[in-house]
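Undergrad: Take the sequences, apply the hints, and build the full model.
The listed protein sequences correspond, in order, to chains F and Y.
If you use this note's numbering, the first sequence corresponds to residues 1 to 516, in order.
If you use this note's numbering, the second sequence corresponds to residues 1 to 377, in order.
One thing to keep in mind: the hints can contain errors.
Pairs of lysine to aspartate or glutamate residues, derived as EDC-like cross-links and limited to a Cα-Cα distance of at most 20 Å, are as follows [said to hold, decoys possible]: (1) F/503 <-> F/336; (2) Y/105 <-> F/233; (3) F/503 <-> F/262; (4) F/23 <-> F/60; (5) F/10 <-> F/60; (6) F/31 <-> F/66; (7) Y/237 <-> F/358; (8) F/135 <-> F/117; (9) Y/237 <-> F/383; (10) F/494 <-> F/463; (11) F/135 <-> F/100; (12) Y/237 <-> F/377; (13) Y/237 <-> F/233; (14) F/4 <-> F/216; (15) Y/18 <-> F/60; (16) F/114 <-> F/130; (17) F/135 <-> F/112; (18) F/23 <-> F/8; (19) F/503 <-> F/464; (20) Y/366 <-> F/60; (21) F/372 <-> F/346; (22) F/198 <-> F/464; (23) F/198 <-> F/233; (24) F/382 <-> F/358; (25) Y/107 <-> F/358; (26) Y/261 <-> F/336; (27) F/31 <-> F/69.
Listed next, with one range per pair, are the computed distances between beta-carbon atoms [to be verified]: (28) Y/313 <-> F/423: 49 to 55 Å; (29) F/200 <-> Y/32: 45 to 51 Å; (30) F/165 <-> Y/317: 47 to 53 Å.
Calculated directly from the structure, the hints in this document are not laboratory data.
For every residue, glycine included, the Cβ atom is placed at its ideal position computed from N, Cα and C.
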Amino acid sequence: MAQKAAIELKNITKAFGSVVANKDVCLTVNKGEILSILGENGSGKTTLMNMIAGIYFPDEGQIFIDGEEVVIASPKDAFDYKIGMIHQHFKLVDIFTATENIVLGLEDGKFDLKNAEKQVHDICEKYGFEVDPKKKIYTMSVSEKQTVEIIKVLYRGADILILDEPTAVLTPQETQRLFDVLRRMRDDGKAIIIITHKLHEVLSLSDKVAVLRKGEYVGTVNTAETNEAQLTEMMVGKKVELNIHRSEPKDAVPRLEVHHIDCSNREGVKVLDDVSFIANAGEILGVAGIAGSGQRELLEAIAGLQRLDSGAVLYNNPKTGNMENLTTKTPLQIRELGVRLSFVPEDRLGMGLVGNMDIVDNMMLRSYRRGKSVFLERKGPKDLAEHIIEELEVVTPSASTPVRRLSGGNVQKVLVGREIAASPTVLMAAYPVRGLDINSSYTIYNLLNEQKERGVAVIFVGEDLDVLLELCDRIMVIGSGRITGVVDARTATKEQIGLLMTKTEALTWEGGEDRA
Amino acid sequence: MRKTTTVKHREPLIHIAKRDDMAAWQAWLIRLAAILIGFFVMSAVLTALASTSSGKDLSFGDILERLSRSVFGRLFEGKFSQLWKFLQETAVLLCLSLAVTPAFKMKFWNCGAEGQALFGGLAAMFCMINLGGKVPEPVLVPLVILASIIGGAVWGVIPAIFHAYYRTNETLFTLMMNYVATQIVAYYVYANGQGSNVINPVSTGALPVIGGQQYLLNVLIVTLLTVLTYVYLRFSKQGYEVSVVGESQNTARYIGINVKKVIIRTMIISGALCGIAGMLLVAGKDHSINTATVGGQGFTAIMVSWLGQFNPYIIAAMAALVSFLQIGAAGAADAYFLNSAYADVMVGVVVLCLVACEFFIRYTVKFRHSKKGGALA
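TA: Spelled out as structure tokens, the structure:
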């Protein structure tokens with residue numbers, strides 16, 4: 001096919017207040033081509049795409065479609081130019097069927113569901129989607145919902161498709177299927193832009209890669225002529241060591257034992273079903289699973305924040321050698337027992353930290369009760385804050401800056417730093433690198449490793465299987481609130497874990513098979 | 001072929017962009033300007049209205065003089081009684097505003113300051129009438145103060161308990177409690193007023209007059225409370241817990257704060273401070289009580305607390321501003337035979353200006369062709 005530009009951006013600049021989200025970005029996507037936009041979090045990928053989709057308006061620069069300059073001032077304009085965007089968060093009506101959602105909001109005079117269903121069916125046939133047009137959204141899996149979103153924009157005749165982090169919520173198998181569909185669409189002459197920060201996906205799928213770094217356009221390379229190391233360097237601006245050092249666990253003794261816990265959410269739906277496992281001291285236990293499979297509830301149950309329906313959480317106290325029963329205890333009672341349990345929750349600013357308070361006051365969250373005085377002691381927390389800022393290279397104007405003003409990576413460093421400062425014996429971390437750039441991510445991995453080497457029992461809930469396989473000693477897979485398998489991270493494969501993630505029946509527990 | 005050639009969209013005329021780089025002094029300058037604009041515009045309107053109603057040709061200066069004389073009286077002639085009245089009004093409004101502040105910091109919308117103050121005042125009145133003459137004055141006065149604190153605290157803690165344990169809506173609950181308090185006071189006045197529906201001033205148990213000034217003690221008490229509230233919120237462990245619960249109950253639970261306990265404890269404090277305000281009115285000013293004793297200041301206090309951004313010192317300045325406008329505009333309107341509602345309109349407009357100016361503190365407005373402008377700087 002002749003190389004013809006479907007969309008071209010010239011010197012696009014967009015600023016929010018004093019923050020420049022995009023500066024002089026130039027891009028070209030040809031018809032029948034897949035372009036990946038690669039960049040770390042906060043590098044301006046989504047902002048750029050939102051300008052093409054008509055959600056934001058650029059401060060400067062020009063957009064050309066089929067060689068002609070256009071102004072896209074609203075999503076409606078974008079639609080007129082046959083641009084379709086699939087957002088990270090789906091915009092679907094739960095109680096409608098796939099077809100009903102697809103035709104929703106279209107004004108073509110008549111409302112003919114039968115005909116629409118047939119068209120949807122044709123689109124599915126053409127590109128190999130697997131979805132039932134009559135199925136209701138609320139009965140669908142995440143990947144099916146995503147498929148509906150893609151069909152929705154195709155149905156509207158989009159020639160330029162933008163996908164914002166489409167693989168974040170998919171299993172490896174589902175990702176593969178999505179890529180097959182995207183390749184078929186490319187062969188059909190569509191221009192596809194995919195936003196991602198996963199390097200191996202970029203390399204396997206796209207024809208060209210455009211790299212953004214801190215809002216600036218670094219360059220575009222042909223995928224065939226590049227490799228992971230070069231792309232990382234373009235993304236980060238310097239060479240990065242991509243290996244995680246993993247030591248052999250020493251004196252691994254059981255530290256935390258979870259026995260047959262059941263847990264229901266507010267609606268009475270079971271979210272944890274007969275979960276049992278042992279976390280050893282001096283070991284990183286990974287927890288893998290599709291988002292929302294009960295990971296959050298599991299950690300909160302251990303931390304005393306979730307009411308258990310049944311089961312027990314036991315802690316093997318290294319000081320006394322006693323078994324402490326943590327079941328039904330509140331977080332304060334757990335601490336008063338002398339159990340040093342640190343928890344980095346998934347919701348950093350909604351649970352782990354207070355966004356409007358400064359770093360010093362956030363340091364106090366764990367320790368403010370100390371001492372008999374009715375007044376706060378801010379000296380210690382202030383020293384700790386300054387220590388963490390220096391040690392973990394937190395970028396902040398000062399220790400008295402509200403944490404909500406910090407970037408995601410720096411917020412996480414503050415939180416992890418505080419939790420580690422409590423010298424824990426058990427450290428639980430839920431998605432600790434979500435939204436972090438590569439350097440910050442590796443800082444966090446190193447911190448977790450350091451804790452492991454000090455004999456802490458680390459429980460790490462992650463989403464990137466490559467990282468889980470490199471960092472952890474054992475990986476426990478959770479699916480719909482059940483433990484579906486425990487594997488040795490040194491020998492397991494991604495495919496094996498992917499299968500366990502979607503498996504529905506529980507692991508047949510052979511009397512503590514994984515006891516160290 | 002496609003619509004591309006026919007669709008011509010123009011760039012929108014203005015964009016609004018967020019900013020977070022304004023220095024604190026600039027922000028306060030904008031707020032001050034907003035207050036002055038509101039004040040001068042409303043004074044000009046008042047000049048026109050007063051000229052019509054009085055049939056005299058009044059100048060802008062006449063009105064300003066009237067306003068300030070209503071508040072400060074004839075200061076230069078050595079008469080301070082008007083000024084003391086202003087200070088007393090400010091003190092009570094400030095006390096009520098301080099009272100709701102800890103609750104607001106906790107995001108517990110206490111709209112019941114009116115009722116809590118009235119109930120505290122009723123408790124004080126009850127002691128003054130029933131114990132007056134039976135116990136010596138030095139014992140009675142502390143008893144009156146204590147009774148008002150307990151009265152206000154009880155009225156504040158009831159909605160808090162229901163909110164903590166049954167998740168009832170605190171805004172509606174505290175509002176409703178106002179009506180209950182008003183009706184109890186109405187009944188009390190009826191029962192004790194010997195048919196006249198007025199309780200004659202009682203001198204037993206009243207706050208002592210110090211320094212020859214009736215309101216000096218009131219002003220001193222509230223000044224002390226302002227400092228105490230600031231210290232409590234900023235430096236005490238309990239104040240820290242209030243902030244954490246207000247910002248995020250999830251975080252509070254995560255670090256092991258007993259959220260129910262904090263809600264109840266904070267509302268006891270909030271109610272107690274309201275009770276003290278009621279006591280200042282009953283034992284420190286009127287020596288009597290009726291359903292209008294608090295006179296809506298419990299609601300004005302909500303606004304003052306917000307305007308003061310929950311900082312007791314700024315709240316003090318805002319309380320003074322609001323009482324200045326209330327008393328000054330009411331006095332000026334009265335002098336020229338205008339409806340006293342003009343005072344409320346004036347307060348409303350000035351406050352609106354103050355609130356609206358936040359837009360210019362948080363956002364900048366950029367026009368279509370100012371592309372090369374300083375927005376990126």
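Undergrad: Hint by hint, say whether it matches the structure.
TA: Going through the hints against the structure:
For a cut-off of 20 Å, the pair hint linking residue 503 of chain F to residue 336 of chain F is broken: about 39 Å separates their Cα positions. The straight-line distance between the Cα atoms of residue 105 of chain Y and residue 233 of chain F is roughly 47 Å, outside the 20 Å bound, and the hint therefore fails. Annotation: proposed proximity of residue 503 of chain F to residue 262 of chain F holds, straight-line Cα distance about 19 Å (limit 20 Å). Distance check on the hinted pair: residue 23 of chain F and residue 60 of chain F sit about 9 Å apart at the alpha-carbon level, within 20 Å; holds.
At roughly 9 Å between alpha-carbon atoms, residue 10 of chain F and residue 60 of chain F fall within 20 Å of each other, so this suggested pair holds. Between residue 31 of chain F and residue 66 of chain F the alpha-carbon distance is near 10 Å, which keeps this suggested pair within the 20 Å criterion. A distance of roughly 16 Å separates the Cα atoms of residue 237 of chain Y and residue 358 of chain F; the hinted pair therefore holds under the 20 Å criterion. With a CA separation close to 11 Å, the supplied pair residue 135 of chain F and residue 117 of chain F stays within the 20 Å bound.
Of the supplied pair hints, the one linking residue 237 of chain Y and residue 383 of chain F holds, its CA atoms being roughly 19 Å apart against a limit of 20 Å. Under the criterion of a C-alpha separation no larger than 20 Å, the hint pairing residue 494 of chain F with residue 463 of chain F is consistent with the structure, at around 12 Å. Restraint check for residue 135 of chain F and residue 100 of chain F: the C-alpha separation of about 10 Å stays at or below 20 Å, so the hint holds. Restraint check: the Cα-Cα separation between residue 237 of chain Y and residue 377 of chain F comes to about 9 Å, which is no more than 20 Å; the hinted pair holds.
Restraint check for residue 237 of chain Y and residue 233 of chain F: the C-alpha separation of about 48 Å exceeds 20 Å, so the hint is violated. Restraint check: the Cα-Cα separation between residue 4 of chain F and residue 216 of chain F comes to about 25 Å, which exceeds 20 Å; the hinted pair is violated. With a CA separation close to 17 Å, the supplied pair residue 18 of chain Y and residue 60 of chain F stays within the 20 Å bound. With a CA separation close to 19 Å, the supplied pair residue 114 of chain F and residue 130 of chain F stays within the 20 Å bound.
The straight-line distance between the Cα atoms of residue 135 of chain F and residue 112 of chain F is roughly 17 Å, inside the 20 Å bound, and the hint therefore holds. Only pairs whose Cα atoms come within 20 Å are accepted, and residue 23 of chain F paired with residue 8 of chain F is accepted, the gap being roughly 15 Å. Pair hint residue 503 of chain F plus residue 464 of chain F holds up; C-alpha atoms about 18 Å apart against a cutoff of 20 Å. A distance of roughly 13 Å separates the Cα atoms of residue 366 of chain Y and residue 60 of chain F; the hinted pair therefore holds under the 20 Å criterion.
A distance of roughly 33 Å separates the Cα atoms of residue 372 of chain F and residue 346 of chain F; the hinted pair therefore is violated under the 20 Å criterion. With a CA separation close to 9 Å, the supplied pair residue 198 of chain F and residue 464 of chain F stays within the 20 Å bound. Our distance criterion of 20 Å between C-alpha atoms is met by residue 198 of chain F and residue 233 of chain F, whose separation comes to about 14 Å. Distance check on the hinted pair: residue 382 of chain F and residue 358 of chain F sit about 10 Å apart at the alpha-carbon level, within 20 Å; holds.
Pair hint residue 107 of chain Y plus residue 358 of chain F holds up; C-alpha atoms about 19 Å apart against a cutoff of 20 Å. A threshold of 20 Å between alpha carbons decides the hint, and for residue 261 of chain Y with residue 336 of chain F the separation of about 18 Å falls inside it, so the pair holds. Of the supplied pair hints, the one linking residue 31 of chain F and residue 69 of chain F holds, its CA atoms being roughly 17 Å apart against a limit of 20 Å. For residue 313 of chain Y and residue 423 of chain F, the hinted distance range of 49 to 55 Å is not satisfied, since their beta carbons lie about 40 Å from each other.
The hint said 45 to 51 Å for the Cβ distance between residue 200 of chain F and residue 32 of chain Y, and at roughly 58 Å that hint is violated. With their beta carbons about 49 Å apart, residue 165 of chain F and residue 317 of chain Y fall inside the hinted range of 47 to 53 Å.
The structure shown violates the earlier hints numbered 1, 2, 13, 14, 21, 28 and 29.
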